[in-house]
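Student: Sequence:
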Amino acid sequence: MKIKSDKRPSRRNDCKVLVAEESTKSWADSDSESSSSSSSSSDSEQEEVHCLMANQMDENEVFDFSNLEFTREDLVQALNDMVHEYKTLSHTFEEIKAENASLKNSSAESSFDELEDTDSLKTELSKLRIENELLRSESSELKAEVEKLTKEMSSWTQSARAFQKLQEIQKSELHRTGLGFSNSESSEGETSTQSQPVYDKFNKMGFVKADVIYDCCESIRYDDQKSS
8 MKIKSDKRPS
18 RRNDCKVLVA
28 EESTKSWADS
38 DSESSSSSSS
48 SSDSEQEEVH
58 CLMANQMDEN
68 EVFDFSNLEF
78 TREDLVQALN
88 DMVHEYKTLS
98 HTFEEIKAEN
108 ASLKNSSAES
118 SFDELEDTDS
128 LKTELSKLRI
138 ENELLRSESS
148 ELKAEVEKLT
158 KEMSSWTQSA
168 RAFQKLQEIQ
178 KSELHRTGLG
188 FSNSESSEGE
198 TSTQSQPVYD
208 KFNKMGFVKA
218 DVIYDCCESI
228 RYDDQKSS
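For the sequence shown, our numbering gives the first residue as 8, with consecutive numbering after it.
FYI, nobody ran anything at the bench for these hints, they're computed from the structure.
Incorrect hints may have been included.
[To be verified] With a Cα cut of at most 27 Å, we get these calculated BS3-like pairs of lysine-lysine:
1) Lys94 - Lys111
2) Lys94 - Lys104
3) Lys150 - Lys134
4) Lys155 - Lys172
5) Lys172 - Lys158
[Said to hold, decoys possible] The following label-pair restraints were derived from C-beta to C-beta distances:
6) Glu152 - Glu175: 31 to 37 Å
7) Leu132 - Glu102: 29 to 35 Å
8) Glu106 - Ser127: 29 to 35 Å
9) Asn139 - Glu102: 50 to 56 Å
10) Asn112 - Glu145: 47 to 53 Å
11) Thr164 - Glu123: 56 to 62 Å
12) Leu156 - Arg136: 26 to 32 Å
13) Lys129 - Arg168: 55 to 61 Å
14) Glu116 - Lys150: 48 to 54 Å
These numbers come from a predicted model, not from an experiment.
For every residue, glycine included, the Cβ atom is placed at its ideal position computed from N, Cα and C.
Go ahead and model the full structure; you've got the sequences and the hints to work with.
Tutor: Dropping the structure here:
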């Protein structure tokens with residue numbers, strides 16, 4: 008694990024001191040020797056660049072606690088950084104743990120709600136199936152009744168047609184043509200009304216048997232005399 012320290016190691020300070028000494032020396036030599044000042048200044052600049060590069064490389068180094076170049080302050084600072092990072096990670100872990108528990112609870116609640124909805128849907132589905140079966144049974148009964156009524160209506164229609172034909176074939180009571188009626192009688196019967204006496208009909212009609220005229224009135228008289 009890489010640990011960054013705010014306080015740089017002592018060797019970094021040594022590099023800075025070395026650069027400062029070289030710079031001071033180059034400035035002192037520049038007063039006496041103008042020709043060598045340019046070369047010494049270039050050398051000091053190169054040393055400074057090398058030190059800066061070393062500092063940048065040291066920032067990515069891993070603390071080696073067995074290295075004697077680290078001081079006690081460096082170790083304490085590194086430990087403090089580790090403790091701070093541990094606390095941060097612990098806090099993040101607790102947040103993630105709480106979020107996970109919340110998600111589990113919500114998932115359990117949603118699953119329970121879904122189970123309840125599923126049970127209610129199953130119950131409703133079973134009720135609908137029973138109702139569907141009842142409706143099918145009623146529909147079958149209604150179909151049978153409709154067929155029965157259709158047959159009855161058909162028979163009634165046929166009876167009505169037959170009765171109508173029978174009425175068309177039958178003669179009216181005032182129609183007196185045919186056997187036993189003359190043309191004059193038929194014409195008189197057509198013009199007569201129902202208020203005509205029935206006795207007149209008997210006077211116009213006669214029954215013939217063995218060439219003897221049978222009179223209804225004489226028969227009644229003979230029966231009365233015989234009984235007395």
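Student: A separate judgement is required for each hint: does it hold in the structure or not?
Tutor: Right, here's what the structure says about each hint:
Annotation: proposed proximity of lysine 94 to lysine 111 holds, straight-line Cα distance about 25 Å (limit 27 Å). For the hint linking lysine 94 to lysine 104, the alpha-carbon distance of about 15 Å falls within 27 Å, and the restraint holds. For the given pair, lysine 150 sits about 24 Å from lysine 134 by alpha-carbon distance, which is consistent with the 27 Å threshold. Simply put, lysine 155 and lysine 172 have alpha-carbon atoms about 26 Å apart, close enough for the 27 Å limit, and the pair holds.
A hinted pair counts as satisfied when its Cα atoms are at most 27 Å apart, and lysine 172 with lysine 158 qualifies at roughly 21 Å. Separation of glutamate 152 from glutamate 175 is about 35 Å and conforms to the stated range, judged on CB atoms against 31 to 37 Å. Checking the proposed 29 to 35 Å range against leucine 132 and glutamate 102 shows it is violated: the Cβ atoms sit about 44 Å from each other. Under the hint 29 to 35 Å, the C-beta atoms of glutamate 106 and serine 127, about 31 Å apart, fit the expected range.
Restraint check, asparagine 139 to glutamate 102: a C-beta distance of roughly 54 Å satisfies the suggested window 50 to 56 Å. Roughly 49 Å separates the CB atoms of asparagine 112 and glutamate 145, a value that falls within the hinted 47 to 53 Å. For the pair threonine 164 and glutamate 123, the beta carbons lie near 60 Å from each other, so the given range of 56 to 62 Å is met. Remark: the range hint 26 to 32 Å for leucine 156 to arginine 136 is upheld by a beta-carbon distance near 30 Å.
One distance hint, 55 to 61 Å for the beta-carbon pair lysine 129 and arginine 168, holds here, with the actual separation near 58 Å. In this structure, glutamate 116 and lysine 150 meet the distance hint of 48 to 54 Å, their C-beta atoms being roughly 50 Å apart.
In summary, the one numbered hint that this structure violates is 7.
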